[in-house]
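Engineer: Kindly generate the complete structure, drawing on both the sequences and the hints.
If you're matching positions, the sequence shown starts at 1 in the UniProt record's numbering and goes up one per residue.
Rather than coming from a laboratory, the hints here were simulated on the basis of the structure. Don't take every hint at face value.
As the list claims (entries may be wrong) - Taking CB as the label site, the calculated pair distances span:
| no. | residue 1 | residue 2 | range |
| --- | --- | --- | --- |
| 1 | A14 | L123 | 16 to 24 Å |
| 2 | T69 | L123 | 12 to 20 Å |
| 3 | L58 | T4 | 18 to 26 Å |
| 4 | T24 | A125 | 17 to 25 Å |
| 5 | A28 | E98 | 38 to 46 Å |
| 6 | V44 | R102 | 19 to 27 Å |
| 7 | N129 | S5 | 36 to 44 Å |
These figures come from a predicted structure and were not determined experimentally. Beta carbons: idealized from backbone N, C-alpha and C, even for Gly.
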Amino acid sequence: MSFTSCLLVMLGGALGTLARYMMTMLTAPLSRMMPWGTIVGINVVGSFIIGFFSTLTLADGRYPVSDNTRLFVMMGLCGGYTTFSSFSLQTLDLLRSEAWGRALANVTLSVLLCISAVSLGHLLATHLNGQYVQLTQAEEQSDMEGEMEG
1 MSFTSCLLVM LGGALGTLAR YMMTMLTAPL SRMMPWGTIV GINVVGSFII GFFSTLTLAD
61 GRYPVSDNTR LFVMMGLCGG YTTFSSFSLQ TLDLLRSEAW GRALANVTLS VLLCISAVSL
121 GHLLATHLNG QYVQLTQAEE QSDMEGEMEG
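Structural biologist: Spelled out as structure tokens, the structure:
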């Protein structure tokens, strides 16, 4: 781990985060009832990018690149854009090595533990605030639409 590698990951992460914010804003009108912007625009696209780039740029791939370039794109850019891409690549690696049980455990545990963690964080914050805490902007939008209809 060199200083240069750290800077490249950091720069890629910043650009990935900016790209995620921009995609979120662009897809907001499509994401009122279901977070399609996050599902497709961020998670699916990010997973495609990391899968495509990681394979194409291997040392024996069609377009090999330096380790620092792979770090910039895969850990930095894709990591800032979506951590789902890393999860997807790691699951694919398990599947390709025929570790079916570990791949299933990775998917199951990741989803269940992350939903549990976000729920626990929400409950703890609610308790600390002593009241109901809005979890997402969608709740506010839904409440406003309900008031307008009623």
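Engineer: Name the hints, by number, that the structure is in violation of.
Structural biologist: Violated hints (numbers, rising): 1, 2; every other hint is consistent with the structure.
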